[in-house]
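Peer 1: Go by the hints and put chain Y onto chain G.
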Amino acid sequence: MGHLTRLLAYAAHLPAEVEPYVLSLSQAVPVVAQFGYRYEYLPSHGALGMTSALWQPLFQERLIETVGRVRPRVVVFDGTHPYRGIDAAREVHPGVRWVWSRRGMWKPGLNGDQLAKSAWFDEVIEPGDMAAEADKGASATAPAYRVGPVTLTDREDLLSRAEARAALGLPAEGRIGLISLGAGNINDTSRDIGAAAAALRAAGCAVAVTDVAIAAAAHASDVHLVRAYPLARCYAAFDLVVAATGYNSFHEVLRLGVPAILIPNAGTSLDDQAARATYAAQRGWALAPEAGGLDDAVRTMLSYGADMAAAAQHADPGNGARAAAERLLAVAVGDVEGGRV
Amino acid sequence: MTGGRTSDGKPRWLVGAARTVRSSGRLSALGNRAVGGVQGNRTLVDVATRVFAFSGGVPLIYLKGGVAVADVPNPERLPVVLVNAVGAAVEAIPGLIEEVAGLQRETLGFRPVLLVSVPCFREVRAQGWPMELVVPQQEWDFEQEWEDYLAGRVAMIATRYRTWGSVGVVDGRLEPMGRRVLQQLATYRPWEASFL
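So the protein lines, in turn, are chains G and Y.
With my numbering, the residue at position 284 of the first sequence is 284, and numbering never jumps.
With my numbering, the residue at position 47 of the second sequence is 1047, and numbering never jumps.
Simulated from the structure, these hints should not be mistaken for laboratory data.
Note that beta-carbon positions come from the ideal geometry of N, C-alpha and C, so glycine has one too.
Coverage of chain G stretches by chain Y, computed from C-beta distances (three or more under 8 Å per stretch; other residues unrestricted):
1. 31-43
2. 52-62
Listed next, with one range per pair, are the computed distances between beta-carbon atoms:
3. G/A330 - Y/A1089: 37 to 47 Å
4. G/Q282 - Y/V1072: 45 to 55 Å
5. Y/G1016 - G/G267: 32 to 42 Å
6. G/A311 - Y/V1090: 42 to 52 Å
7. Y/G1168 - G/G293: 54 to 64 Å
Computed list of chain G residues with no C-beta within reach of chain Y, every gap over 12 Å:
8. P82
9. D188
10. A311
Bound-form chain G, shown alone:
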């Protein structure tokens, strides 16, 4: 979903005469239709249960067919691991320009071999990271055209608190905390999601979750399921958000001024979520409590969260999506000829 969200952010800043067309491995791809874009789905090897060795030729075949049929001026690949087959597609369709949208914050010592694949692309755009000073990964010093942090939702897109609660079907009154930590068991207080829910309740907050299964399994009656895309437009509905620190969640809560408690997902293979959370806490933008510290963190955030959120917004250099879109246009018309900045 993060890939789609970043690409949609770029697309939103392209001029009207540019027609974005999405080819995605994500089963969430139909969301792009609500923005008026056409899309196609290419099953990932995970979705197929296929070995990557068998899947790669399938990917290559489909990519070549799709690019040949759609005939785009530019193909933007968003990801940290460009798949084999992109190079072959480039050879088959030499008139098409290729851009790698490559977020940073890789865990130190990992994935450095992928940087050589920059040669497959006419340009590498790095969506900025508000925690970039803490980026010790291999991509941190690699050549790229760097823009500000990219989010699909901007401050002016936010609904008011009343509008957002109505849109999500939430009670108009009372405190509500959103838990956005992926899958898990909300009834198990020894784990992050359950502990966060317990801490919110202890502080007098109702609980909102985005996962259908979590909501369905909840024993308590004050758990609200919220479904919207992009949910960030409705962030004013919540008094605080307990979120993981993937690229999009992290920048949405910080850029949009939401009091946030950050709990990094330690299970990511490459994304250094812990570094993001730690950096944000050090800067006073959010809290990143240790295990067992959620009760205190919720109480603190309900008292001082607005000030911390304001500090984060003060540090925000602005949405990098516009600069990225302008760069894509420059690549499309040939103003960028391997001259990375």
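Peer 2: The following block gives chain Y in isolation, referenced to the frame of chain G:
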């Protein structure tokens, strides 16, 4: 003869090699290359195909089979069947999925790949099947004819997913003969067919 051959006459070395290879995704992938590497030599192709890529009459492939066959031993042997539901209306999809799922539960004998022209990710994900989505004919605005595009996708699916068969959909239901073929898989086990 029994020392060199199994009770049904197959060479023991070949049966053992085949079992080893089939139990490994990595070796199966190597096998795909091996089969290609001996093209032109009829005998070697025959041996390599049997060792590396087939179980009886079924091309072997590691591909999700779905929740209904999750406990079936060696599910990679189960025939992959394309269910071609292109053109089926969105409201017909849940009933179609339940029909296919019911057949799969009854037979424990095949793995469906659903080909659709309307997105139905949530419904298909619940069954654990692979799904392919094509551009609907009414949204088609490319130079190529839509029928050729669809034919290309079906051909690709046959190649990449090594489909054993294909079943069409009429008025939101499996076409009758295709349904009967799938029902056969309750007792007819293609992977047990002898070719050695």
